[in-house]
Amino acid sequence: GQNIDQPTEMTATEGAIVQINCTYQTSGFNGLFWYQQHAGEAPTFLSYNVLDGLEEKGRFSSFLSRSKGYSYLLLKELQMKDSASYLCAVRENDYKLSFGAGTTVTVRA
Amino acid sequence: SAVISQKPSRDICQRGTSLTIQCQVDSQVTMMFWYRQQPGQSLTLIATANQGSEATYESGFVIDKFPISRPNLTFSTLTVSNMSPEDSSIYLCSVKIAGGADTQYFGPGTRLTVL
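Same order as they appear, the protein sequences are chains R and X. Straight run, no breaks: the first sequence in this note's numbering ends on number 109. Straight run, no breaks: the second sequence in this note's numbering ends on number 1115.
Don't read these hints as lab results, they were simulated from the structure. A few of these clues could be false.
To be verified - Mimicking DSSO-like on lysine-lysine, the simulated pairs with C-alpha atoms at most 30 Å apart in a straight line are:
#, chain 1, residue 1, chain 2, residue 2
1, X, 1065, X, 1096
2, X, 1007, R, 68
3, R, 57, X, 1065
4, X, 1007, X, 1065
5, R, 81, X, 1065
6, X, 1007, X, 1096
7, R, 76, X, 1096
8, R, 57, R, 76
9, R, 57, R, 81
10, X, 1096, R, 57
11, R, 57, R, 68
Unchecked claim - Reference listing, derived: stretches of chain X covered by chain R, where coverage requires no fewer than 3 residues with Cβ under 8 Å from a Cβ of chain R:
#, segment
12, 1010-1019
13, 1064-1075
Yeah, the Cβ is synthetic: ideal placement off N, Cα and C, and Gly gets one too.
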């Protein structure tokens, strides 16, 4: 099975940077995903890492260290619309996703 | 990416009835999954929908309660049978598309309330 941990809540100011950490313990690994989910909506794909290192996509970056079972999602130049839940999900070898509980990010003006 | 549609988008049902949720994708997909998100919680995998054969269910989910069909590569249904208020959740279809980036996408979800 999977054990995926991420902080429950984070608060930051508009224009700032926030880093959401995710640690995992898995029996198999075939990639790590980050999704954004606004209240009442479906998750939206943000990033996918399967190799170690940093993937940058605009204001969002995601990092993976497979040996440490660790990933983070970095949100830069925060905007009010970034207030949402961010879900870390690990994919096993059979392509099933296991999700962390999600991190609720609140952006203050 | 893929465009995924689900029907219905939401429904309110009476205890003891059943509801069938449809998922349609506009691309060829290799894998289709059904997830549940209970209020205030994260997503839990119900089953993998296999084309032309029985779905593969996760621990805690059974075919009698959640029958699934997948008659072709781009369409699947999930039925929530003999519903109780505990089944009130958002049900989401997820797909891994053939070719392209190795990503997985979610449909818009079906918000189910059981009275």
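Cross-check of the supplied hints:
Of the pairs offered as hints, the one joining residue 1065 of chain X and residue 1096 of chain X holds, with about 25 Å between alpha carbons and a cut-off of 30 Å not exceeded. The straight-line distance between the Cα atoms of residue 1007 of chain X and residue 68 of chain R is roughly 41 Å, outside the 30 Å bound, and the hint therefore fails. At roughly 41 Å between alpha-carbon atoms, residue 57 of chain R and residue 1065 of chain X are farther apart than 30 Å, so this suggested pair is violated. Proposed proximity of residue 1007 of chain X and residue 1065 of chain X is supported: the alpha carbons are some 19 Å apart, at most 30 Å.
For the suggested pair residue 81 of chain R and residue 1065 of chain X, the alpha carbons sit about 38 Å apart, so the restraint of at most 30 Å is broken. With a CA separation close to 19 Å, the supplied pair residue 1007 of chain X and residue 1096 of chain X stays within the 30 Å bound. With a C-alpha separation of about 28 Å, the suggested pairing of residue 76 of chain R with residue 1096 of chain X holds against the 30 Å cut-off. With a C-alpha separation of about 11 Å, the suggested pairing of residue 57 of chain R with residue 76 of chain R holds against the 30 Å cut-off.
Proposed proximity of residue 57 of chain R and residue 81 of chain R is supported: the alpha carbons are some 17 Å apart, at most 30 Å. Taking the CA atoms of residue 1096 of chain X and residue 57 of chain R, the gap is about 21 Å. The hint holds against a cut of 30 Å. Annotation: proposed proximity of residue 57 of chain R to residue 68 of chain R holds, straight-line Cα distance about 23 Å (limit 30 Å). With a cut-off of 8 Å between beta carbons, the segment 1010-1019 of chain X has 0 residues touching chain R; three or more are needed, and the interface restraint is violated.
Interface restraint, the segment 1064-1075 of chain X with chain R: violated (0 residues with C-beta to C-beta distance below 8 Å; minimum three).
Of the numbered hints given earlier, the model fails hints 2, 3, 5, 12 and 13; all others are met.
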